[in-house]
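Let the hints inform the model, and build the full structure from the sequences given.
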Amino acid sequence: MADWKDEVEEIVFDGKICVPYSWTVGSTLSKWYGMMRDNAEIWANRCPSCEMVFVPPRKKCIYCYKDMNDWVKLAGTGVLETYTVVQHPEPGVYPKEPPFVYGIVKMDGADTGLVHFIEGVEPDKVKSGMRVEAVMSKEREGNFMDIECFRPIE
Amino acid sequence: MGNRVGIIGVGQTHHAAKRLDASGVELISEAVTRSLDDAEMTLDQIDAIVIGNMDHFENINYVDMWATDGLGACMKPVFKVSTGGTTGTTLGACGYYHAGCGLFDTVMMVGWEKNSESDTQAAIATCANPVLERDAFAGAIGPLASEYSMYMKAYGATQEDAAIVAVRDRNNALNNQYAHNQMKVTVEDVMNSPMLSFPIKFLDICPRSDGACAVIFASEEKAKALCPRPAWVHASVVRHDYTHFGDLEWKGMPTLERASKEAYKIAGIADPLKEFDVAELYIPASTCGVKWMDSLWFCDKGGAPELVRKGTLEIDGQLPVNPSGGVIATNPIGATGLIRVGEAAWQIMGRAGDHQVPDVEKALVTGFGGCSWSDVIILGAELP
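Chain order of the listed sequences is P and U.
Sequential numbering of the first sequence, starting at 1, is according to the working numbering.
Sequential numbering of the second sequence, starting at 155, is according to the working numbering.
Just so you know, the hints here were simulated from the structure itself, not pulled from any lab data.
A few of these clues could be false.
Below, a list of computed lysine to aspartate or glutamate pairs in the DMTMM-like style, where the Cα atoms sit at most 25 Å apart [said to hold, decoys possible]:
(1) U:K172 <-> P:E7
(2) P:K138 <-> P:E41
(3) P:K16 <-> U:D175
(4) P:K59 <-> U:D395
(5) P:K66 <-> U:D395
(6) P:K66 <-> P:D108
(7) U:K419 <-> U:E374
(8) P:K127 <-> U:D175
(9) U:K234 <-> U:D218
Computed list of chain P residues with no C-beta within reach of chain U, every gap over 12 Å [stated by the list, open to error]:
(10) N69
(11) K73
(12) A75
(13) T77
(14) G92
(15) G120
(16) M136
Ranges between beta-carbon positions, derived for each pair [what the hints assert, rightly or not]:
(17) U:N213 <-> P:M145: 21 to 29 Å
(18) P:S30 <-> U:M219: 32 to 40 Å
(19) U:T397 <-> P:W71: 17 to 25 Å
We put the CB at the ideal spot given by N, CA and C, even for glycine.
Encoded structure:
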């Protein structure tokens, strides 16, 4: 490294700009979140070509690039495919205090996974392959946290 | 088919957690100057420049403008690329495309990052879809942890297998004067380091670094004229598949499987373990250094733990992986992939110094980004 610091003290300048963003959810997810908020239901959509069922739903099939207008209501249950137990705090990133668990749930009736928090179970008791169900939030606002978490089925 | 392209010069900074002795632009000039020295060239001989980093790590929007003086880009064609973790290997692809298309003879690719200037985890989390997955699957560590958690269950891989990879890369870095983390560690040290996100522990994961790298690519004629032993580009392949994290096939790594298969086909590689003499792989966590070996066709599905345990990928093994210490030792993110390209080129050119592997004829390079993108670049001493 440079030796100029022997004679000069380095100066670090703190930035002040913090840019606020807001995101347009779009036609497909507005419908999805609306059904979650108003009816406490989780829906998926199906590709007319390859028949894959996607949750979260999206406008175009990622494989066929076909519009997906065929909606399917899911039962809200599924299998935890994989998970991690987060132990390190990242206050700027994580919405929860560690330790907490998140993972990927393959919902019954869908072909893709849904990422979410796993609660109602001690972190060291969580296992890949366990059956889980969605817990809907009481106060729903039309966003991802309208599903409060997934918990093991007794 | 493009024209033949060779790498003729590589330069990198000394990397560190915080380079308070240099601004971002100064880091860039350090790498640029060293690459020109390595190639024994002057800036006048460079026809075009591409720069790469991730805007949100330093909050500088137009680095192609902001870094003009450090880049030496005044009145030259220059633009920026930014593809997440793959930024550096995208620069490698850009070098190949620029020199291979016939429009430019000598081009300089520059990757850099000053990760100390912001919150790396928060910045990385912005790669996730903000209205879906950003909260529930945030950060760089958790997704990689979930991936290995699934691989362990599917194939009986262990945390110790990952620790062997961490030990290999970290100890290799002791022979690399440019590496950020320089620490001798044992499997026990890795296993005893704090759990960050099960099953990934502190010594399993890459650091965030300040640093830069520059690599000079040239057309066949120029490369032959300017360099005694260029590292020729034999293949450069890119594959993306992400829409949502939940869509991914987590037991394997389809983008890496497809990209490497295509690159091997182009370069005529039938048995990668035998035919490559060295590999510089983008392994951001030691767990990937186990699981992704399946995806590079080094073994059958689930065979990677055995390869790792047998020492096949150690510095004195059949295929030395990451003699430089890799990403686990050094990670200035926008430069990280380009360092893989530069290190592999140096191995072929015989300029890798204390971590030189003897008699390198063919080298494999990978890049990883987003979730879950893969770049594969193959370099060789012989003309392709």
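- Earlier hints that do not hold, by number: Failing hints, ascending: 8, 14.
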